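**Student:** Spelled out from the first residue to the last, the chains are:
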Amino acid sequence: MAALNTKSRVTVHRPTPFGEILVQLEAAAEAQDESAFLVAYRTANWQSISAPDFTRAVRLALTAGAYGAARSLAIEGAALYPKYIELQKMAHILASPEVKGAANQATLGVKANRDWLKSNWDSYRNRWVALREGELLDVADSLDELVEKVGELKGTGILVTKVHA
Amino acid sequence: MILSFADGEPFAVGSTDYLYRPAAEDISPRIILQVEIEGILLNAIVDTGAPYVVCAPGLARQMSLQPDFALDRIQMAIRGLKVRGHLHRLNMTFLASQGESLTLEATVFVPDEEWEANWGEQPSFIGLSGCLERLRFAVDPTTDTFYFGAAQ
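The listed protein sequences derive, respectively, from chains A and B. Yeah, the first sequence ends on 165 if you go by the working numbering, and it's all consecutive. Yeah, the second sequence ends on 152 if you go by the working numbering, and it's all consecutive.
Bound conformation, chain A alone (with noise of 0.2 Å):
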């Protein structure tokens, strides 16, 4: 009969618990550091997380710089918990750009607002001017005293900016 060897060990791999991985995550995003919240966000078996889990995950890896991973989170969280609208939400904000569709016409005020900026760049420094269709309509110290002359801007084809020095 063979002696069995006491001495003999096995060793078993335990997943990291989550709440170990979520002080590394924590940590990562508090110094912005991409690269640890990286390496900390591969150990997780994501599967078993819970929903307010991946919504705090997906926040420090938009603060670690990690937004990348932050897509991912909220696009496998939301698969995962269909009814949380939370992580919906973040789904839907940080998917890929989508393109809606192409605009059969040019719009030739562009042209003109970036031609007076270019001729006149010098005479308006450090201020605010408001443009339409390369026509100056106002000028002004600060946004919102220009905002306050030119009114609603939303919709009218007027671009307000600062030239800067």
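Just to be clear, a hint being listed does not mean it is correct.
[To be verified] Simulated coverage check for chain A against chain B, where a stretch passes if three residues somewhere in it have a Cβ under 8 Å from a Cβ of chain B: (1) 59-65; (2) 92-98; (3) 141-150.
Please keep in mind that the hints were generated in silico from the structure rather than gathered at the bench. The structure displayed is predicted, hence computed values, not measured ones. Beta carbons: idealized from backbone N, C-alpha and C, even for Gly.
Starting from the known structure of chain A, arrange chain B on it as the hints suggest.
**Tutor:** Only chain B this time, still in chain A's reference frame:
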């Protein structure tokens, strides 16, 4: 003239004239495009090192954005500063001076209003992740022309 591949397939659908001037306290000139975000026409710097579109908070106020549709309490590092703000999904149009304008849904970061004072008069930025990553784009520095098209 809009750029095409050798087989005639268009590379870009439109082009626009950009401004090549310093922005904010920067001395170096930047590529400044006119784009429309949620109906507001604004100048924004092309910054392929930046994430998302970052909209100057003063101009974002003019958009009447709905905070309920945004991710709040987001903290991001922008030019070495930790900035708090909201992430939105907004319509953004690259306006063509030749060819076709192109509209996409992009991820846009808007610093919170309490950051307006710190933000100063920094411009808006057009970043790679969340915006340019799905576009073909090219620059002709001899004519200050920015070409754009949808990546298939």
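**Student:** Now tell me if each hint is right for this structure.
**Tutor:** We went through each hint and held it up to the structure:
{"no.": "1", "hint": "59-65", "in the structure": "holds (count 4)"}
{"no.": "2", "hint": "92-98", "in the structure": "holds (count 7)"}
{"no.": "3", "hint": "141-150", "in the structure": "holds (count 3)"}
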